[in-house]
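Novice: Residues per chain, in single letters:
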Amino acid sequence: MTSLHEAHDGVGERSTRPSESSLLVIKDLRRTFGDVVALDGVSLDVARNEFFAILGPSGCGKTTLLRILAGFEHPDAGSVELEGSNLLGLAPNRRPVNLMFQSYALFPHMSVERNVAYGLEREGLPKSEVRKRVADVLRTVDLTELANRRPRQLSGGQRQRVALARAIVKRPKMLLLDEPLSALDKKVRAEMQRELKRLQHEVGITFAVVTHDQEEAMSMADRIAVMHQGTVQQVADPVSLYRNPANVFVADFIGDSNLLAGTRTTNGVAVTGLGDLPGRGAVAEGSPATLMIRPEDVKLSDAGSLRGTVTDVQFYGGTSTLAIDVGHGLPPVLSAVSGTSPAAPGAQVTLTWAPDDAVILHGETSPPTVPPTIHEENQ
Amino acid sequence: MRDATAPGRSLLIPFWLTYAFLYVPIAVLVVMSFNSSDNPFAWDGFSLKWYGELANNEPVKEGLLNTLIVAVGSTAVATVLGTLLAIGLHRYTRSRALEAAALAPAIMPDIVLAIGLLAFYSMISMTLGLHSVLLAHVVFSTAFVAAVVKARLGHVDPSMEEASRDLGAGAMSTFMRITVPSLAPGIVAGALLAFTLSLDEFVIAFFTNGPSSPTLPIVIYSMVRFGVTPEINALATLLVAVSFTAVILAQRSSRLTDAV
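If you read the sequences in order, they're chains A and B. Going by the working numbering, the letters in the first sequence line up with residues 1 to 379, in that order. Going by the working numbering, the letters in the second sequence line up with residues 1 to 260, in that order.
Just chain A, with the same shape it has in the complex (with noise of 0.2 angstroms):
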């Protein structure tokens, strides 16, 4: 259960506390366009050597918090200081902070080591450091060889190493990361992914990563700030924002989940039609609540109380999801089981979990949907 604490910290108590460890303190920000809200409110802690993603659909204010960071963009009120001194009086070119830009914004009038040079000759360092800390820093991206290309002759991956190159040679106490995967293929993705980890603990550099791509949060970052509509819903671990989300938003963003919308019982939530389910959450007993349990939790078994109709089995080789209708115009159960569907479509099967894996969150009656089609919009 402590784990579940832990889970409600970003929500429950919305002013953080400035620990003696944290390198960037994120006070009440605010900042409005218009009449669109950006940020409502956000307040975050970032840890020295961390690597935090700031994780939420597109117009969720995360790239407004990224640029204020940065310095190309003021919040309307709030603080943001950076080992204790405020960071928002700084120019962008004064500031600590370097920004890998999502397009990556290389200059195509230079070669990859005059891009890589760059920020260190503006800092008017004598010729001979530059030389030799641009060497160094293209060796440890792995572009020695490539040093006198041009932008434009480089493969969508190296670009991005460049971009990353040109912005740790700076030795910037934290590095902020703009949907840094977007561009890339799927297959180049996962090995950048693997690649930008192995770099953060290399260089030691604090990364803030924002993306749309739970799947990318996931698997990189130390914590995760889960935000949606200007405020942040919960910051927490990989593990902990997936076993116990501390709302239905979450719970519908992060993975595949069911979510079933009823009344709090003692022992679980009492869905119309379906009876009551179990559960385990901290939620007054009568008040609206959803019940949310994993695909891969729920199993097919001989005993239980829930009854449906296999619809659909999707087959993705390690695992098979079946889709499960149990009546009442509910959406469907989905089931995940390792290996082989031991169900065809029709078959009829009883459902069942185990207490502890199903979730029960404040209710609201229906989960805020997320467009699926997130993905394209960002790219």
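Hints may contain errors.
To be verified - Here are some, though not all, of the chain A residues that point toward chain B, as calculated from beta-carbon distances under 10 angstroms:
hint, residue
1, Phe72
2, Pro92
3, Arg95
4, Leu99
5, Tyr104
6, Ala105
7, Leu106
8, His109
9, Glu121
10, Glu123
11, Ala163
12, Arg166
13, Ala167
Keep in mind that the hints were calculated from the coordinates and are not lab data. Note that the coordinates shown come from a computational prediction; the quantities given were computed from them, not determined experimentally. Where a beta carbon is used, it is the ideal one built from N, C-alpha and C, also for glycine.
Fit chain B to the supplied structure of chain A, relying on the hints for placement.
Specialist: Chain B alone, transformed into the frame defined by chain A:
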């Protein structure tokens, strides 16, 4: 056996006819400039004598010098102003009216600009001469440069300037090291366009010039008034060569800078 999916050939004839329409007069002019006859319309054998006469024609040489002063000077000023105008339009306004006003001198009839400038010069009692022609040419050249540079701006990633700031460069340094180089193909093409336009501009120069310093088109005009001589053909051929070179340079420069 013809490929059924190949485009039909029916438009091939109008295609080449259009080229002929555009270039036959120029070809005749170029050929006739090498004619040894005194009669500009009858071929009499190959000769370079008209080019030789041209080299000894003092009014033509003076006119050429004046034209070059105006073209180089107005191009230099217009390139700077036009580039700044394009960047300003792109960065600070969404106003279609301001944009149209900035680009209008490029499409406005020359005669309107000529009369307007002449009226303005006399209003401020400015003496007319090469300087007044140069300023007049800056007016329409600036609009052309701005139009070309503005088109280029649409293709430049706006986060590049932010990246430069993020990496520690100040506003001025970012402008010189990132903004200008990324616009270079447009700036060079705009400058060459301004140069060729100024080179053969007649109407505005005719209205805004003083009597003592005629530009080349005005010199040619006064020569033609007494009949077309083969010497004019030779001069026109040289001008064609200069214009073609500028166009080719403009094309290559934008391709070259795009490639790097």
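Novice: Taking the hints in turn, state whether each one holds.
Specialist: Verification of the supplied hints:
{"no.": "1", "hint": "Phe72", "verdict": "6 angstroms, holds"}
{"no.": "2", "hint": "Pro92", "verdict": "5 angstroms, holds"}
{"no.": "3", "hint": "Arg95", "verdict": "8 angstroms, holds"}
{"no.": "4", "hint": "Leu99", "verdict": "5 angstroms, holds"}
{"no.": "5", "hint": "Tyr104", "verdict": "8 angstroms, holds"}
{"no.": "6", "hint": "Ala105", "verdict": "4 angstroms, holds"}
{"no.": "7", "hint": "Leu106", "verdict": "8 angstroms, holds"}
{"no.": "8", "hint": "His109", "verdict": "5 angstroms, holds"}
{"no.": "9", "hint": "Glu121", "verdict": "9 angstroms, holds"}
{"no.": "10", "hint": "Glu123", "verdict": "6 angstroms, holds"}
{"no.": "11", "hint": "Ala163", "verdict": "8 angstroms, holds"}
{"no.": "12", "hint": "Arg166", "verdict": "7 angstroms, holds"}
{"no.": "13", "hint": "Ala167", "verdict": "8 angstroms, holds"}
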